[in-house]
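Numbering of the sequence shown is given in this note's numbering, commencing with residue 114 and proceeding in unit increments.
If you're looking for bench data, these hints aren't it; they were derived computationally from the structure. Please note: incorrect hints may appear among the correct ones.
List of simulated lysine-lysine pairs, PhoX-like, C-alpha gap at most 20 angstroms [stated by the list, open to error]:
(1) Lys237 <-> Lys175
(2) Lys253 <-> Lys172
(3) Lys249 <-> Lys168
(4) Lys199 <-> Lys138
(5) Lys199 <-> Lys175
(6) Lys211 <-> Lys175
(7) Lys124 <-> Lys237
(8) Lys237 <-> Lys249
(9) Lys172 <-> Lys211
(10) Lys237 <-> Lys187
(11) Lys211 <-> Lys168
(12) Lys249 <-> Lys187
(13) Lys253 <-> Lys237
(14) Lys168 <-> Lys187
(15) Lys175 <-> Lys138
(16) Lys187 <-> Lys199
(17) Lys253 <-> Lys175
(18) Lys172 <-> Lys124
(19) Lys253 <-> Lys168
(20) Lys187 <-> Lys253
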Amino acid sequence: MNEFLEFAEMKQMDEMAVRMMNPLKLAFLGDAIYEAYIRTYLMTQHVMTPHEMSKMSRKFVKASAQAEAVHAIKPLLSESEWQMIKRGRNQNSASVPKNAVLADYRYATGFEALIGYLYLTNQKTRLYEVVHEVIKVLTKEEASKDES
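Starting from the given sequences, assemble the full structure and let the hints guide the process.
Dropping the structure here:
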């Protein structure tokens, strides 16, 4: 992130400014970042048509999957990371998707806020670790559903 801002000669935000940002703004960015990583994972690890990739990506990005993953990786998160998830979770957004349970949607928003926060604060390695753990959780879940 910082490389882009430097290249474009734009002002960078310090960690405190990012931490104080509205969690829904962080979730807005985190949603796009997370989806880009999921799409990258699918393109590089699977041979699929674009339609199949789109269908499979929904299994990773839907609110229920993100909520499940958040609970599964909670032991791996620092206290400040969990606090960021809780801040995002506690925000009231204007709408909830019709196919989502409110509690799942809120945890998904919290997760996306954490992703946005890690991205904006340039914590690349930690961002990669979190996304990797989520992919492991959700692919394990998908494999166990396929076996049933």
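Checked hints:
Restraint check for Lys237 and Lys175: the C-alpha separation of about 23 angstroms exceeds 20 angstroms, so the hint is violated. A threshold of 20 angstroms between alpha carbons decides the hint, and for Lys253 with Lys172 the separation of about 12 angstroms falls inside it, so the pair holds. The suggested pairing of Lys249 with Lys168 holds, with an alpha-carbon distance near 18 angstroms, which does not exceed 20 angstroms. Our distance criterion of 20 angstroms between C-alpha atoms is met by Lys199 and Lys138, whose separation comes to about 15 angstroms.
At most 20 angstroms may separate the alpha-carbon atoms for a hinted pair to count; Lys199 and Lys175 meet this at roughly 18 angstroms. Distance restraint check for Lys211 and Lys175: the Cα-Cα separation of roughly 12 angstroms lies within the 20 angstroms cut-off, and the hinted pair is therefore satisfied. Proposed proximity of Lys124 and Lys237 is supported: the alpha carbons are some 19 angstroms apart, at most 20 angstroms. A distance of roughly 18 angstroms separates the Cα atoms of Lys237 and Lys249; the hinted pair therefore holds under the 20 angstroms criterion.
Taking the CA atoms of Lys172 and Lys211, the gap is near 16 angstroms; set against the 20 angstroms cutoff, the hint holds. Distance restraint check for Lys237 and Lys187: the Cα-Cα separation of roughly 19 angstroms lies within the 20 angstroms cut-off, and the hinted pair is therefore satisfied. Between the alpha carbons of Lys211 and Lys168 the distance comes to roughly 18 angstroms, so the proposed pair stays at or under 20 angstroms and holds. Our distance criterion of 20 angstroms between C-alpha atoms is met by Lys249 and Lys187, whose separation comes to about 14 angstroms.
For the proposed pair Lys253 and Lys237, the alpha carbon gap of about 24 angstroms is over 20 angstroms, so the pair is violated. For a cut-off of 20 angstroms, the pair hint linking Lys168 to Lys187 is broken: about 27 angstroms separates their Cα positions. With a CA separation close to 19 angstroms, the supplied pair Lys175 and Lys138 stays within the 20 angstroms bound. Our distance criterion of 20 angstroms between C-alpha atoms is met by Lys187 and Lys199, whose separation comes to about 11 angstroms.
Restraint check for Lys253 and Lys175: satisfied, since their Cα atoms lie roughly 16 angstroms apart, inside the 20 angstroms limit. A hinted pair counts as satisfied when its Cα atoms are at most 20 angstroms apart, and Lys172 with Lys124 does not qualify at roughly 36 angstroms. Of the supplied pair hints, the one linking Lys253 and Lys168 holds, its CA atoms being roughly 18 angstroms apart against a limit of 20 angstroms. Straight-line distance between C-alpha atoms of Lys187 and Lys253 comes to about 17 angstroms, which keeps the hinted pair within the 20 angstroms bound.
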